[in-house]
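Sequences and hints are given; from them, build the entire structure.
Numbering (this note's numbering) for the sequence shown: 188 to 667.
For the record, the hints were derived by calculation from the structure and aren't laboratory data. Heads up, some of the hints might be wrong.
Quick list of in silico lysine-lysine cross-link-like pairs, BS3-like style, CA-CA up to 27 angstroms [unchecked claim]:
id	residue 1	residue 2
1	Lys456	Lys648
2	Lys425	Lys653
3	Lys337	Lys639
4	Lys639	Lys566
5	Lys337	Lys542
6	Lys425	Lys456
7	Lys653	Lys429
8	Lys566	Lys648
Per label pair, the in silico range of CB-to-CB distance [what the hints assert, rightly or not]:
id	residue 1	residue 2	range
9	Glu411	Thr329	52 to 60 angstroms
10	Lys429	Glu565	26 to 34 angstroms
11	Ser625	Asn570	22 to 30 angstroms
12	Asp650	Asp360	25 to 33 angstroms
Even for Gly, the Cβ is constructed at its ideal location relative to N, Cα and C.
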Amino acid sequence: MLILADNLGSVTDQATGTRWQGEKIASEARERCLALSEGGIGPGDTVALWQGGSGAFFADLLAAWSAGAAVAVLNPGLTADEVDAVIGHVRAKLVLVDGDLDRARAMSSIPVVDFGASVGPDPAPRTDRRATLDDPALMLFTSGTTGTPKGVVHTFRSLVARLALNETFIGRDDFRRTLCTLPTHFGHGLIGNSLTPLLHGGDVTLIAGSDARAVMQLGAVIDEHAITFMSSVPALWKMALKMSKPPSGGSLRRVHVGSAPLSADLWSKIIEWCGTRNVVNMYGITETANWIGGASAAAFEPQDGLVGRMWGGQAGVLKDDGSIAAEGDGEIVVQAPSLMAGYFELDDLTAAVLKDGWFHTGDIGHVEGGVVRLTGREKYEINRAGMKVHPEDIDLLLERHDGVVEACAFGAPDPIVGEMVCVAVVIDQGHAIDDIKSWCRERLVREKNPEKWFVLDAIPKTDRGKINRNVVAEACFASD
Numbered sequence: 188m189l190i191l192a193d194n195l196g197s198v199t200d201q202a203t204g205t206r207w208q209g210e211k212i213a214s215e216a217r218e219r220c221l222a223l224s225e226g227g228i229g230p231g232d233t234v235a236l237w238q239g240g241s242g243a244f245f246a247d248l249l250a251a252w253s254a255g256a257a258v259a260v261l262n263p264g265l266t267a268d269e270v271d272a273v274i275g276h277v278r279a280k281l282v283l284v285d286g287d288l289d290r291a292r293a294m295s296s297i298p299v300v301d302f303g304a305s306v307g308p309d310p311a312p313r314t315d316r317r318a319t320l321d322d323p324a325l326m327l328f329t330s331g332t333t334g335t336p337k338g339v340v341h342t343f344r345s346l347v348a349r350l351a352l353n354e355t356f357i358g359r360d361d362f363r364r365t366l367c368t369l370p371t372h373f374g375h376g377l378i379g380n381s382l383t384p385l386l387h388g389g390d391v392t393l394i395a396g397s398d399a400r401a402v403m404q405l406g407a408v409i410d411e412h413a414i415t416f417m418s419s420v421p422a423l424w425k426m427a428l429k430m431s432k433p434p435s436g437g438s439l440r441r442v443h444v445g446s447a448p449l450s451a452d453l454w455s456k457i458i459e460w461c462g463t464r465n466v467v468n469m470y471g472i473t474e475t476a477n478w479i480g481g482a483s484a485a486a487f488e489p490q491d492g493l494v495g496r497m498w499g500g501q502a503g504v505l506k507d508d509g510s511i512a513a514e515g516d517g518e519i520v521v522q523a524p525s526l527m528a529g530y531f532e533l534d535d536l537t538a539a540v541l542k543d544g545w546f547h548t549g550d551i552g553h554v555e556g557g558v559v560r561l562t563g564r565e566k567y568e569i570n571r572a573g574m575k576v577h578p579e580d581i582d583l584l585l586e587r588h589d590g591v592v593e594a595c596a597f598g599a600p601d602p603i604v605g606e607m608v609c610v611a612v613v614i615d616q617g618h619a620i621d622d623i624k625s626w627c628r629e630r631l632v633r634e635k636n637p638e639k640w641f642v643l644d645a646i647p648k649t650d651r652g653k654i655n656r657n658v659v660a661e662a663c664f665a666s667d
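Shown next, in the form of structure tokens:
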């Protein structure tokens, strides 16, 4: 097995109380690997993993890797058409599920395997080729499940590099008891929250961070399991600070926040709730296999957009003439040992972001003294009469107001200035939108002030807890 794990930790599903010890995960992975190999699955093949996080999920994942196959990890909530689009695009040979076998068979056009129900693949000739570090190991999907799926391909080499660097920069003492609040079909939940501790002997507890009932019990769960490490997204913390009592056991040693902009104000509130200053604003991208940098409040004073120093590799800034500078302002480009091999069979998209060993992130920011600060995303930048407006700046400002629970700014076409600035806000009870507008006008230059406001009950989010500004804009104008 190229993803080595001599001493696996355990996996506990808090919702069901099911616990898989490391010995059981390893034993099941060996048996399932043998079945896959006897079913003709090996290096060069792809299997789809279509199930939620559990002990069985990790046994199936490690089994496929032990057989040398690549694993396409699918969102369990995909529709039949979306499943067919993905498995057809990556030419998966079979689908691995855990339960709902009949439903999965009805939705899948290829064989479905459920080892928990003793349903394995049919016998087939075994491959003699051995897997190498540069073979594909993992495919994660960032978009396009109904059209051409955009699958990020990581090799065994990039995953081994990321897991080793995570261990180096975090430390086993910190992640020995980890709480994963995120789904395991994308990098933050899978690689950072789960595989990093699990493959280094740490115990992982899984909860559904998108479920309000689970978030209400967050502090109690941390105390119950003496959690030392957790990583999540700002959206979870906005709920937890309102809904959950903080933990009282003092077990938390390290907390990561990532996958979306973190304001200095929210950062400080998380520190107070967690009882540790070792709250780290993380920088990570699916294409870099999760985290590539971070700034801990134990070393830095919280600031909007501060994501700190790189965890292996280096960051630079793309200048207007196409050159790359070590310091300055512009699009952030990075080199890291954990860079993806590319987007699966999307060579043009790959060539647009991977150039001469540098990954072009699409993030706009500033680098000085090796410290990275982000100011926005290039694709969401609003061009108002020639002035570039970063919607993230507006979000972070508005969320400092006591009456704003959440904000999401976006651009919309305007016949006079090109794009106008719009914003959707969720307002706390007892506050008036006119007061918030006045407060905003006092703190933003006229060109950045929103011209159109939408008051929502909730900001739409993906299953990963992230905000897609285009989706928010569509929802706002559809209800206008």
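Against the structure, the hints come out as follows:
1. Lys456 with Lys648: Satisfied, since the Cα-Cα distance of roughly 22 angstroms is no more than 27 angstroms.
2. Lys425 with Lys653: Within the cut-off at roughly 13 angstroms; holds.
3. Lys337 with Lys639: Violated, because 33 angstroms separates the two Cα atoms, which is more than 27 angstroms.
4. Lys639 with Lys566: Distance of about 20 angstroms is within 27 angstroms: holds.
5. Lys337 with Lys542: holds (18 angstroms)
6. Lys425 with Lys456: Cα-Cα ~10 angstroms, so holds.
7. Lys653 with Lys429: holds (19 angstroms)
8. Lys566 with Lys648: holds (18 angstroms)
9. Glu411 with Thr329: 52 to 60 angstroms: Given about 34 angstroms between the Cβ atoms, the range is violated.
10. Lys429 with Glu565: 26 to 34 angstroms: holds (33 angstroms)
11. Ser625 with Asn570: 22 to 30 angstroms: holds (26 angstroms)
12. Asp650 with Asp360: 25 to 33 angstroms: holds (32 angstroms)
When held up to the earlier numbered hints, the structure conflicts with 3, 9 and fits the remainder.
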